[in-house]
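S.K.: Protein chains in written order, with numbering that gives the first Met the number 0: chain Z, 0 to 412; chain G, 0 to 244; chain F, 0 to 269.
Don't read these hints as lab results, they were simulated from the structure.
Treat the hints loosely; a few may be bogus.
To be verified - Beyond 12 Å from chain F on every Cβ pair, some chain Z residues (computed):
id	residue
1	Val184
2	Val353
3	Val389
What the hints assert, rightly or not - Calculated lysine-lysine pairs in the BS3-like style (CA-CA distance at most 25 Å, straight line):
id	chain 1	residue 1	chain 2	residue 2
4	G	Lys223	G	Lys56
5	F	Lys201	F	Lys183
6	Z	Lys167	F	Lys43
7	Z	Lys167	F	Lys192
8	F	Lys201	Z	Lys305
Glycine residues also receive a C-beta, built at the ideal position from the N, C-alpha and C atoms.
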Amino acid sequence: MASFSVADRRWVARGAARTSSERFALWLTPWVLLLALGLYAGFLCLYRGLNQTNMDNRFAFGLWIFLDLAVIALGAGAFFTGFLVYILGRKELKPILNSAVVLGFICYSGAVAVLMIDVGQPLRAWFTFWYPNTHSMLTEVTFCISCYLIVLSLEYIPLILRNRRLRKAQPLLVFEHRLHLLVPVLAGVGTLLSFFHQGSLGGLYGVLRGRPFAFREHFSIWPSTFFLFILSAIAAGPSFLMLVTTAAQKITRRKLVPEQIFPRLGLISGVLMAAYVALKAIDTLIWLNVTSPAAGFAPWEHYAYKPFGSALLFAEVVVFGLLPAVLLIHGRWRLTGAALACCGILLNRFVLTVQTLALPTLAFDPFLTYTPSWQEVASFGGVIAYGVIVFSLSYRYLPLYPQEKETPHVSGL
Amino acid sequence: MKSRYGMVIDLDRCTGCGSCMVACAAENNVPRVAAATPRNGITPLLVHSVSDGRTGKAFIPVLCMQCENETPCASVCPQQAVQLDPTTGIVMQMPQRCLGCRYCMTACPYHARYFNWWDPSWPNGMEKTLNPGVAVRMRGVVEKCNLCHSRLHAAEDKAAAAGKHEIDPRDYVPACVESCPTGAIQFGDLNDSQSAVAKESHAPETFRLLARLGTEPKVYYKSKRPWVRALAERRSPAKREVKNG
Amino acid sequence: MFPGFDGFHWTLGHILFLTIFFAVLLTLVTTVIIALRRTARDLKTGEASAICWHADFSELPESERRCRHELAGRVDERTCPNAFDCRRCPDYARFAALAAVADTTTFGLNYPTDRFYHRGHTWVRAEQDGAYTVGLDDMAEHIVGEPDSVELPAPGWDLIAQGPAWEMTKNGREIRVRAPIDGKVVETGGYDKGWYLRVQPKGQAELRHLLRGAEVNGWLNAELERLQIQLVQPEIAPSLADGGILMRGLMDAVPSADWDTALAATFLEP
Numbered sequence: 000m001a002s003f004s005v006a007d008r009r010w011v012a013r014g015a016a017r018t019s020s021e022r023f024a025l026w027l028t029p030w031v032l033l034l035a036l037g038l039y040a041g042f043l044c045l046y047r048g049l050n051q052t053n054m055d056n057r058f059a060f061g062l063w064i065f066l067d068l069a070v071i072a073l074g075a076g077a078f079f080t081g082f083l084v085y086i087l088g089r090k091e092l093k094p095i096l097n098s099a100v101v102l103g104f105i106c107y108s109g110a111v112a113v114l115m116i117d118v119g120q121p122l123r124a125w126f127t128f129w130y131p132n133t134h135s136m137l138t139e140v141t142f143c144i145s146c147y148l149i150v151l152s153l154e155y156i157p158l159i160l161r162n163r164r165l166r167k168a169q170p171l172l173v174f175e176h177r178l179h180l181l182v183p184v185l186a187g188v189g190t191l192l193s194f195f196h197q198g199s200l201g202g203l204y205g206v207l208r209g210r211p212f213a214f215r216e217h218f219s220i221w222p223s224t225f226f227l228f229i230l231s232a233i234a235a236g237p238s239f240l241m242l243v244t245t246a247a248q249k250i251t252r253r254k255l256v257p258e259q260i261f262p263r264l265g266l267i268s269g270v271l272m273a274a275y276v277a278l279k280a281i282d283t284l285i286w287l288n289v290t291s292p293a294a295g296f297a298p299w300e301h302y303a304y305k306p307f308g309s310a311l312l313f314a315e316v317v318v319f320g321l322l323p324a325v326l327l328i329h330g331r332w333r334l335t336g337a338a339l340a341c342c343g344i345l346l347n348r349f350v351l352t353v354q355t356l357a358l359p360t361l362a363f364d365p366f367l368t369y370t371p372s373w374q375e376v377a378s379f380g381g382v383i384a385y386g387v388i389v390f391s392l393s394y395r396y397l398p399l400y401p402q403e404k405e406t407p408h409v410s411g412l
Numbered sequence: 000m001k002s003r004y005g006m007v008i009d010l011d012r013c014t015g016c017g018s019c020m021v022a023c024a025a026e027n028n029v030p031r032v033a034a035a036t037p038r039n040g041i042t043p044l045l046v047h048s049v050s051d052g053r054t055g056k057a058f059i060p061v062l063c064m065q066c067e068n069e070t071p072c073a074s075v076c077p078q079q080a081v082q083l084d085p086t087t088g089i090v091m092q093m094p095q096r097c098l099g100c101r102y103c104m105t106a107c108p109y110h111a112r113y114f115n116w117w118d119p120s121w122p123n124g125m126e127k128t129l130n131p132g133v134a135v136r137m138r139g140v141v142e143k144c145n146l147c148h149s150r151l152h153a154a155e156d157k158a159a160a161a162g163k164h165e166i167d168p169r170d171y172v173p174a175c176v177e178s179c180p181t182g183a184i185q186f187g188d189l190n191d192s193q194s195a196v197a198k199e200s201h202a203p204e205t206f207r208l209l210a211r212l213g214t215e216p217k218v219y220y221k222s223k224r225p226w227v228r229a230l231a232e233r234r235s236p237a238k239r240e241v242k243n244g
Numbered sequence: 000m001f002p003g004f005d006g007f008h009w010t011l012g013h014i015l016f017l018t019i020f021f022a023v024l025l026t027l028v029t030t031v032i033i034a035l036r037r038t039a040r041d042l043k044t045g046e047a048s049a050i051c052w053h054a055d056f057s058e059l060p061e062s063e064r065r066c067r068h069e070l071a072g073r074v075d076e077r078t079c080p081n082a083f084d085c086r087r088c089p090d091y092a093r094f095a096a097l098a099a100v101a102d103t104t105t106f107g108l109n110y111p112t113d114r115f116y117h118r119g120h121t122w123v124r125a126e127q128d129g130a131y132t133v134g135l136d137d138m139a140e141h142i143v144g145e146p147d148s149v150e151l152p153a154p155g156w157d158l159i160a161q162g163p164a165w166e167m168t169k170n171g172r173e174i175r176v177r178a179p180i181d182g183k184v185v186e187t188g189g190y191d192k193g194w195y196l197r198v199q200p201k202g203q204a205e206l207r208h209l210l211r212g213a214e215v216n217g218w219l220n221a222e223l224e225r226l227q228i229q230l231v232q233p234e235i236a237p238s239l240a241d242g243g244i245l246m247r248g249l250m251d252a253v254p255s256a257d258w259d260t261a262l263a264a265t266f267l268e269p
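Isolated chain Z, as found in the complex (with noise of 0.2 Å):
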């Protein structure tokens, strides 16, 4: 044991504060055990097919497709980073920015493997390359999901490059320099691409004819899924990596940022959340007194079925909207506000992926419910895992906050 310990130390940066092998290792253990049954639940759905799910003809969406949907708003914090941080050159921000890369590779990394496991054929999902469909929201965001995947990949090797014995092969020191150079360039890209699949993914729902709580015609269709999506994801980015790096600093009881990141952090998803909220209120509002009754519905018909009542509504625009809004800029509550923020998000995507397949659309439909089975939830279980597990691994292995080395250290610890 004592030699895996001192093995297990070299790949630790030299003077890098870290709990003991053995302890790591139980910190992990929890996380393998989640992740193996995740697997095991996957490797069910492939096996037996996907009526090891809740999912049903009517429910062709389910938990996994909300999982999706929730992770990429969430993980908007990586691209949304690196953009203040290489275009519009806030360095202040840098302390969190390789934070944020993992964090957002974990998010599009882990969607993507739901993915395989969500489709009927996963072996076919290269047919969407051979033969995309350009009418299709869903070509797009498989097109820029992929290409931004492979830029998260690119942006992660360096730092996985800088891992004190891998560093030590000069080829990979120097590859990882050269890489680093043009990183701005995957910074643009990625803000690019970010832009795009964040609001095609709202576009998915805003294009079903047949849904009509859904559905936005023609150009509205841009302003009401495709951009409040976008504004959403880069509110709820930042408040996440907040509560991503208070997390870490709690656990690992260590200082990592310097403490004016958070006040930053908090401000710029203040402000976002604000301009989302007060955009979704004019786009609700629009859609409640035009839209909906020119489509032929009066708008408290979409809200006539218990859970998806009106509650639902005012708890997403004004209880998970607008008074995180409030509490980040404020500053007081920041915590509480992100927190708040990110609830509302993964509410929006809810709403749009549950609430609109639940609802009825022929006149003798029944409204139905759908609850998850054990398979869906433990992949969901392992998805967590599996992010908890590669954020611990690059903390404890690779320079993931550089600042902290500013605290001053003991060294052998």
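Starting from the structure of chain Z, add chains G and F where the hints point.
M.R.: Here is chains G and F on its own, set in the frame of chain Z:
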């Protein structure tokens, strides 16, 4: 479009016997999965039972409406596995290209698309009852009614063998039409002004489901009862007086 | 997807979409290829060593990046901004002119004045024939003792200052010794010979970055202090501050110490 195959279904004649559903399943090699429920079983043709809340009862067979205008499922499929056939007006589904993303299922306003949640299987010996003219679909792909396209092929083969260019309309009859004991389902080419469906589709008691969406479905319904015709569009729950049986 | 396949026809949507997609892909592929090509070029030209050294130097803790002039007592506090490369330092002349603190103690270690010393614990001695001999300094030899194995570069190998020179292993640990000067290896030695490399520099040798005179004492003082802190163990003899003398073969004498840290700091590894 050369031909526009469509239907007119007389709801006053439909008795809800379900023969059409059985014939459809038999013709299209729909597997019978023991664990399937009404929510995840495959019923390319599904008969809904509706009532007016009092004594009135009706049955509405719902199948793929073969939408003509900006076909929702075709426009959202990321790999063009759904195509509106310009020569027949039938919305063709290519199971070999389908990824199983189920986006088309969320797009269909009529819930006329079904996913293969299971591997197809038949009890021992029952595979002998399979229709050789229709391919069996694999697990993980979407399928739907295609107006018994294999029967159209058979009709075309027959015409070609006889040296003719046009098929005899009497040779192309989908399974549900053939099996209906009351003749409630009429089928034909809407472009053929002489056909019964072309004439009936203009009758005053004829309506289409969710016509307001503008998808231009090619399946028409007919009923003399106003409350049945009112089912064409969605109404609010308070006003709605029908319940699904 | 492509013309010629069933049902395909170009629309403005296709052109726009595929153009953007392929432009993005091209950008990404080009970026990676440029990085790879520049890496290959760096590896060929020897720029790679400089890049790696600068990357490693920036990862060293501040306490190990003290300017030589601070160690010599010429200035109060100064972190080296040049990765120990005084040859390129614009302030070198200014600082070198200041008076150093005169201190002659080498703490019982052998640091002859006929040679120069590198921060990575190697020495450089000019020979009659214009070549330079490179060896491991006394403090490093006291720490390592007799190495278990030595891997020397072949004659003809081009050394780059601060780049890799030779490797040793001791008690299962790998030690990478940094080259003190630029030049071509003409002969190799070993532990028993007392020197490791004979180097022929290209043209005039640049030795400004090597320590000499009073600087050596100040540097040794700092190094021994550091070593003492890093090797805090009950077995170690009385502290050097009271006049204790460094044991020979410390790695064998104190096998349980944190050699990972101590060796890395000694040989300028992050």
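S.K.: It remains to establish, for every hint, whether it holds in the given structure.
M.R.: Results for each hint:
Not every beta carbon of chain F lies more than 12 Å from that of Z:Val184, the smallest distance being close to 5 Å; the non-interface claim is violated. Chain F leaves Z:Val353 outside its interface by the beta-carbon criterion, the shortest separation being 30 Å against a cut-off of 12 Å. Interface exclusion of Z:Val389 from chain F stands, the closest Cβ pair being 22 Å apart, more than 12 Å. With a C-alpha separation of about 13 Å, the suggested pair G:Lys223 and G:Lys56 falls inside the 25 Å cut-off, and the hint holds.
For the proposed pair F:Lys201 and F:Lys183, the alpha carbon gap of about 8 Å is at most 25 Å, so the pair holds. Restraint check: the Cα-Cα separation between Z:Lys167 and F:Lys43 comes to about 18 Å, which is no more than 25 Å; the hinted pair holds. A C-alpha spacing of about 28 Å is found between Z:Lys167 and F:Lys192, which places the hinted pair above 25 Å, so the restraint is violated. Between F:Lys201 and Z:Lys305 the alpha-carbon distance is near 84 Å, which puts this suggested pair outside the 25 Å criterion.
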